[in-house]
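Order-wise, the sequence lines are chains A and B.
Offset between the first sequence (1-based) and my numbering: plus 610.
Offset between the second sequence (1-based) and my numbering: plus 80.
Hint data in this document are derived by calculation from the structure and do not stem from the laboratory.
Heads up, a few of these hints could be off.
Said to hold, decoys possible - Which residues of chain B face chain A? A partial, calculated answer using Cβ under 10 Å:
| hint | residue |
| --- | --- |
| 1 | Pro94 |
| 2 | Ala116 |
| 3 | Leu118 |
| 4 | Leu128 |
| 5 | Leu144 |
| 6 | Leu159 |
| 7 | Asp167 |
| 8 | Ala195 |
| 9 | Leu246 |
To be verified - Which chain B residues stay away from chain A? Per the calculated CB distances, all over 12 Å, these:
| hint | residue |
| --- | --- |
| 10 | Pro91 |
| 11 | Gly100 |
| 12 | Arg127 |
| 13 | Ala141 |
| 14 | Arg174 |
| 15 | Ala179 |
| 16 | Glu192 |
| 17 | Asp198 |
| 18 | Arg203 |
| 19 | Arg254 |
| 20 | Arg262 |
| 21 | Thr278 |
Don't be surprised by glycine CBs; every beta carbon is placed ideally from N, CA and C.
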Amino acid sequence: MPRQLPSSAHPFRLPTGGRIDRSRTLTFRFDGVAYTGHPGDTLASALLACGVRQVATSIKLGRARGVFGVGSEEPNALVRIEAPYAEAMVTATTVELCEGLVAFGLPGRGRLPDGPDPARYDAVYAHCDVLVVGAGPAGLAAALAAARTGARVVLADENGELGGSLLGRGAADDWGARARDELAGFPQTRVLRRTTVFGYYDDNYLLALERRTAHLGAAAPAHVSRERVWRIRAGRVVLATGAHERPIAFADNDRPGVMLASAARAYVHRFGVAPGRRAVVFTACDSGYPAALDLAAAGTEVAAIVDARPQAGLWAQRARDAGLPVRAGHAVTGTSGDPCLTSVAVRELRDGEPTGPVAVVDADTLLVSGGWNPTVHLFSQAGGTLRHDPARVAFVPRECRQAVEVVGSAAGAFTLAECVADGARAGARAANREATEADLGHVLAPPPDPDDIGGGAPPVPLWLVPGPDEPRTHFVDLQRDVTVADLRRATGAGLSGVEHLKRYTTAGTAHDQGRTSGVLTTGVAAHLLGVEVSALGTTTYRPPYTPVPFAALAGRDRGALHDPVRVTALHDQHLARDAVFENVGQWKRPWYYPLAGEDMAAAVARECRAAREGVAFMDASTLGKIDVQGADAGVFLDRLYTNMISTLKPGRIRYGVMCRADGMVLDDGTVLRTADDRFLVTTTTGNAAAVLDWMEEWLQTEWPQLRVHCASVTEQWATVALVGPRSRDVLSALAPQLPSSSDDFPFMAWRDTRVAGVAARVCRISFSGELAYEINVPPWYAPHVWEAIARAGAPYGITPYGTETMHVLRAEKGYPVVGQDTDGTVTPQDLGLGWAVSAKKRDFVGKRSHARADTARPDRKQLVALLPDDRHTLLPEGGQVVADAPLPAPPVPMLGHITSSYRSTALGRTFALALVRGGRERVGQRIYVPVGSVLVPVTVAEPVLYDPEGARRDG
Amino acid sequence: MTADTEQPLAPVSPLVRYAGRFAAVTRASGGAVRLAELPLLAQLSVRLDAKGPAAEAVRFALGLALPVEPDTVAFSDELAALWLGPDEWLVVGRPGSAAGLEERLRAAVAGEHAAVTDVSGQRTTVLVGGARARDLLAHGCPLDLHPRAFGPGRCAQTTLARAGVLLAGRDEHRPGYWLLTRSSFAGYVADWLLDAATEYVADATSIT
């Protein structure tokens, strides 16, 4: 596509004016061509200054598109930034120019950068009495009035400079500057520039995105977050979000050179850029006139002001006085150009229909003002309702359940005096609910308003200029290439609601979320359907108001900080032994400890052998521990566990199972009685918090009369399991005071002693069937104790082992793991733990459910062992179990599934645990496990495969 | 590490490996952010009826009344008592004083419906101080920490980023915050604090 090269550096830069720093020049590249601009420029203003009219192409039709707006409302000028930072798709109107910027126009959609994003992103929680959104005249007045009361105020504005519409109209520079200066003097006031409030949620919780360093370009400091999400909780919110000018649907209304009137005016005042050499202004309200006058004053020839209103009023007179031709009661019916605008077709408008001869007016710029849409997005997100104001031809805020007030043009006020007075009143009221009208008085004197000429003409609703042909180039949504023809097809298909029209045509669903197209869509649809605009309403406004990068939302929750990693007091010891870790919830637990050259199977086999034949040790600190104290502690635990706890003697330990009210296993563990009125309950690692919550729920909601308190002590103790036939030898060396015989220190007893010089609580508990101890010590001495055990065990070849070996050892003994061998549908009886369910106790949680017909039926799925015929076949966990081979025709009845599967060194074979329908009745039978296309034959066995007599427990 | 158990053992606190990095941030930020572990503080969970005789007995035993105003801390020279719930407090004392404190508290509440539990190992404490301490915490703590809302002597069970923490404003003489984190989460919390402090380490005032 041919691109015109500028004849001079800035052919469209005005000799004076604009809020740019002409003393400095910035170089940038766009679509591979080098250009220059000034600090204060946006990419859009710099391109316009350089005479670049076409910036992008449209997404569906590939039509040439130029700069249409001046800020976040921009639908056309989509660009990708390649340097000095990467952005996949942003609007040229919101990219502040920086040295070395490299950008490319987009064909309607962006492309994600290939490399990782090296920038930092973060978040801040902010709290304030008053949040003011928007720093135009109304917002500045509101923030000032609130700040003067001493209230905590946050003022957020999406632009780099405060002032809002003041900047774009060249109005009230002094007033704006004074307001900005005064605000800077309030220590309780926080002014956030380049900050877009993009979401408004319940309880006045709002999210904003601050763009902190992009405007600094390559000078952006690496240690400062590039973008920041503000999470703001506000007592009251004042929305001074302004209004967006509305386009009009006419033929070929999308050519580069067609621009919103207010945008053209802003390019003159903010950037010292003339949008073109010769302009036509097409307006349905007064706003086209000051734009035309400002352009004329800046040296652009205004070829015609085309006013759709037959009675154009005072402004038309003023324009004529200035020598500008006004064609009242006319409309623009089309444009020409290849592709940029070269001429405009104008016809008389009679009853909404173009009539009479076509006048072709040469122009390179067409300014459009179809009226104003108050920016009600945040108000609507807050739950606010809208009403259509026919006098203003606008949807304006009605009411909202939240503590919010809308002021200025966002509320439909369009004179500067109204905006300032509105804002000041709202700001003062927001800061001080008791403020009276008298207090509010004249909080701020408004500045002189160049647009207030003492009277104007009302706007007319003008959505669509029909003809001359099929309205296939009457664009309603420029970004989605949605035309009046598309809307006509949708209404012709019977769609009559705006939400349906939106989804059918995609109007309003693009990157710009319909900021310029939403209400126009409603207007055109109402016209096509022959209904009132007010009856059709708007589509729902949803967050985010503008696009928010995922990186910003993630903040610093990425990489190593993505999710907390929990480690035990022995973590460094595991690292030093090259442990491979397994995630168990948020915990990092050693999975196995490979020696050089070992794979997992070899390491686990070695660790298992050590535990069965010599001695091995593991970090069991992650097991949940709950201290249960009080006179009724025994009664309480009797009610929660299926078995009897209150009969336990101090110094002894009992295994227990907890069920939910439905009788299914919730958790299991051991209970130590530490005193008459005190127990230490252990839980599975993953259920520690859930079991404490469970206990608190019963205590607080059902049994508040019980004198019991619970406290988590999971991390009060580090726990080392010392396992194997030689474990007694190792422990005796470290704790010579501890009785070693099973008579004096029997299985399921605990003793307080010293281990390696450290006060310790030693329990004789075994999760492997071997002689074993659990040594509990204060966590700050755990590394010392661990290393002491390693040294004392060295003569016996002591080996650290991880969770995989623990699982193999326990599975060989048929010990189920809650959450692995159970899934919330398994009773203790199903697991073969009927012995742990008291028949004598009057009641416990789950007891009644065990008597239900379904929980009592004999063919429930029961935990059994499966032995593959081939001793080397490792069955897949989760594998299904079926009765017959070959498989019958589907549906094949499923008997159950495999819950655990391992290679056993001790058994010299593979084995699995499975939940199998009527499993205990099937012991000895052959059944099958389909693995891929093979039916693996297995034999059902009792779940305790290793040392079923329990001979090894006492060493 | 020595095998000699006769020597006094050096306790290892959860953040012992972070001492250098905490000191470096404190130094590099010119004190704008001060981070330090206050290791091994004695911590006792106390549960009792705030209106019953046990509360009065504890006041005598500790020389410190357990606060009844929600989310406040009562200080004495040696101790701090943090309100955690209507019948729940955390009594914090010097390292090594847990056993003595537990004994005094147990004796005081004997016979009452009360519970005393040594939880010194459950959490470690990070001092977050310096002029930017509040800004630092605001990156991850959803509470309003403005002095009007959360001044010295306030405490709360809240979150910092993705970890549950116990946050307390120290007394007027020692500005800053105590951040009590579960020992297993301490490494995450420390890494997060160090990362969040990055911006305060070098001069960031050039950002406009």
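Outcome of the hint check:
1. Pro94: 7 Å, holds
2. Ala116: 17 Å, violated
3. Leu118: 14 Å, violated
4. Leu128: 9 Å, holds
5. Leu144: 20 Å, violated
6. Leu159: 19 Å, violated
7. Asp167: 8 Å, holds
8. Ala195: 4 Å, holds
9. Leu246: 13 Å, violated
10. Pro91: 4 Å, violated
11. Gly100: 15 Å, holds
12. Arg127: B:Arg127 is in fact no farther than 12 Å from some Cβ atom of chain A, at 4 Å.
13. Ala141: Its Cβ never comes within 12 Å of chain A, the nearest being 18 Å, so this holds.
14. Arg174: 15 Å, holds
15. Ala179: Non-interface label on B:Ala179 violated, nearest chain A Cβ at 9 Å vs cutoff 12 Å.
16. Glu192: 9 Å, violated
17. Asp198: 7 Å, violated
18. Arg203: Given a closest Cβ separation of 8 Å, the condition is violated.
19. Arg254: About 24 Å separates B:Arg254 from the closest Cβ of chain A, which puts it past 12 Å; holds.
20. Arg262: Not fine: 6 Å to the nearest Cβ puts B:Arg262 too close to chain A.
21. Thr278: 5 Å, violated
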